Amino acid sequence: MFCWKYLAKQFLMRIDFSVISIGLKTWFLKEIMVIKKSYAPCKKFLVKMIISLACLSVLSLTSFHGAIKKGWAITERNPPSSWFINMNLFSRSAHSNLTCEVCHGTMKEDDKTHPDPKDPDFLRLEAKRIYDYSHCKTCHLQSYDRYLLGEHAKALKKEKESPNMKEGVKSEKRNAPTCGDCHSAHYEKSHLSKVKIGRKMTEICGSCHRAQKVTYLEDYHGKTAVHLGHEASAYCTDCHGAHNCISLKEKKTALLICQRCHPKAQERFAEFVIHPTIENGAKETKDNIEKRKKVAVIKTVSVIMFCLVVLIVSFFYGHSLLWLLRELHEKLRKH
Amino acid sequence: MVENKAEEKTYWRFSVLHRFLHIVVMIGFTGLALTGFSLKFSTQVWAQVVVSFFGGAANTGYLHRVCAVITYGCVVVHILWLCYYKLVFKGSLTGPQSLFPRVKDIKDLYQHIRYFLGRGILPKFNRFTYWEKIDYWALFLGMNTMGLTGLFLWFPEFFSRYVPGYFINLAQVLHLYEAILSVAIKFVVHPVTAHLRPEIFPMERSIFSGKTTKEEIMLKHPGEWESMIASAKDSPPGHLKI
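Chains A and B, in that order, give the protein sequences. Per the numbering used here, the first sequence starts with residue 1, numbered consecutively. Per the numbering used here, the second sequence starts with residue 336, numbered consecutively.
One chain only, chain A, in its complex shape (with noise of 0.2 Å):
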């Protein structure tokens, strides 16, 4: 009868687990001692040359992570726009040649008030929300006019002529972002490296696109980019352009975003997935069910691969881990 309790039995009947800890205390002391007598006409010069080495390892360790710690930290996040303003921190922004007027000084002839501190709204409206962001069209034109005709100007346009929207009433679901909501007017700096910005916006476009940050940042473009400071590499904005954030899934419009780092990509590089995610209200698109076939396609290999590679390395550690009791056992009799 083929019993694995009684194999186990077995097994562990003809372990003696003492004699195995006594054997190996002796057997490593034995190993010890001949080691030491071996070496021991250049021990100084061992010593020696392994303190050195231990000092070195630790003084190069620790430059090293002094520059993790000054490049790689993950850039701190500006406190959101509200209705005051901490002036330590705008004194330091860009915007801090500009006096409040520049931008806030149109109020009456936009046909604002003040906001009355009687309102039992006053200061619950979102800030953001109110603002009119036109304004930044006269320095920042370019920026302007693409965001003019990208998917969040379009997403604000339907936002604001859905029935049930209240000017400056924060939503229950997700707002289409307005120049406010990805750029801190009051506080941002300038002149930031590009990795640096790389990674402040992979934080501010994965505040709301989750899913895709997640992926992103498991796709080898942004392991390298955002992880590893490599600039070549491509951030968020490098394929959907920073103002008119537009959407790849065409894949004409893909394939030549793609070719512009890829010069000799052909047709069929573009179906390459590089977030291997759908939300969950997605519309059932043609573009959608097939980009659903890939990603099932992907996920379903790398379980086969998973389950495959756990199988074969949890049977050669069994079989290694029974020969060296094995072997132990047999060497300790001997003894």
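Honestly, the hints are just simulated from the structure, not real lab data. Please note that the accuracy of each hint is not assured.
[As the list claims (entries may be wrong)] From the derived model, a few chain B residues whose C-beta atoms are all more than 12 Å from chain A:
| hint | residue |
| --- | --- |
| 1 | 365 |
| 2 | 373 |
| 3 | 422 |
[Unchecked claim] Taking lysine-lysine and the BS3-like style, the derived pairs with C-alpha atoms no more than 25 Å apart in a straight line are:
| hint | chain 1 | residue 1 | chain 2 | residue 2 |
| --- | --- | --- | --- | --- |
| 4 | B | 442 | B | 521 |
| 5 | B | 549 | A | 334 |
| 6 | B | 546 | B | 521 |
| 7 | B | 375 | A | 200 |
Here the structure is a predicted model, which means the values were calculated and not measured. Every residue, glycine too, gets a C-beta built ideally from N, C-alpha and C.
Take the given structure of chain A and dock chain B to it, following the hints.
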């Protein structure tokens, strides 16, 4: 005692080419694992330290490819050697003393596991035991599949002309899991079974010196001794004795 040892007759187990290839594969494989995993697990601090040590993600990727070319070069050299061995030395590539898998290996594995559990004796191994064959074939086949998926990731523009783009995703998945598998086996199981187990602690010297003695042959693979007696030769045909 020392004089006696010097007089003991030695036999050739590994030719100079095999020893050289073993060392080169060792270095190349370690380089591949180090660079590849530090790119894959780049969220970890140790990976970022390694990448900054190599000089950025681009350089680490470049080094990964250099190591890959070196390691695959070993496979090509080995295949050339096999052809040479077969055609010029008229050696046997599939005989009982070769690395070719045979039914006896499965029987050996079964008997060996019985031996682990204390229910049998050690099987009589031939020149290459079943775990040595597994080590060899895992590397030989693994290098080819890893090479293929690696080429997919190296030249995605070229390959996506012939296959859909999401095959690159599949190549990424296969490359990752096979890397984990081969590292988990080669950096743990291979050193333990070939070098660190009590029978041959601290290391197996024959893969670096090429030499072995009658005592070792009788202990580790007694089946070879009989075939050597039968053919009256010190080493397999075409052995480069250096």
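Hints, one by one, checked against the model:
1. 365: It holds; residue 365/B is separated from chain A by about 18 Å at its closest Cβ, greater than 12 Å.
2. 373: For residue 373/B, whose nearest Cβ neighbour in chain A is about 9 Å away, the distance does not exceed 12 Å, so it is violated.
3. 422: Holds, because the least Cβ-Cβ distance between residue 422/B and chain A comes to about 35 Å, which exceeds 12 Å.
4. 442/B x 521/B: With Cα atoms ~24 Å apart, residue 442/B and residue 521/B stay inside 25 Å; holds.
5. 549/B x 334/A: Given that 25 Å is the threshold and the Cα spacing comes to 22 Å, the pair holds.
6. 546/B x 521/B: 23 Å, holds
7. 375/B x 200/A: 22 Å, holds
Taken one by one, the earlier hints fail for this structure only at number 2.
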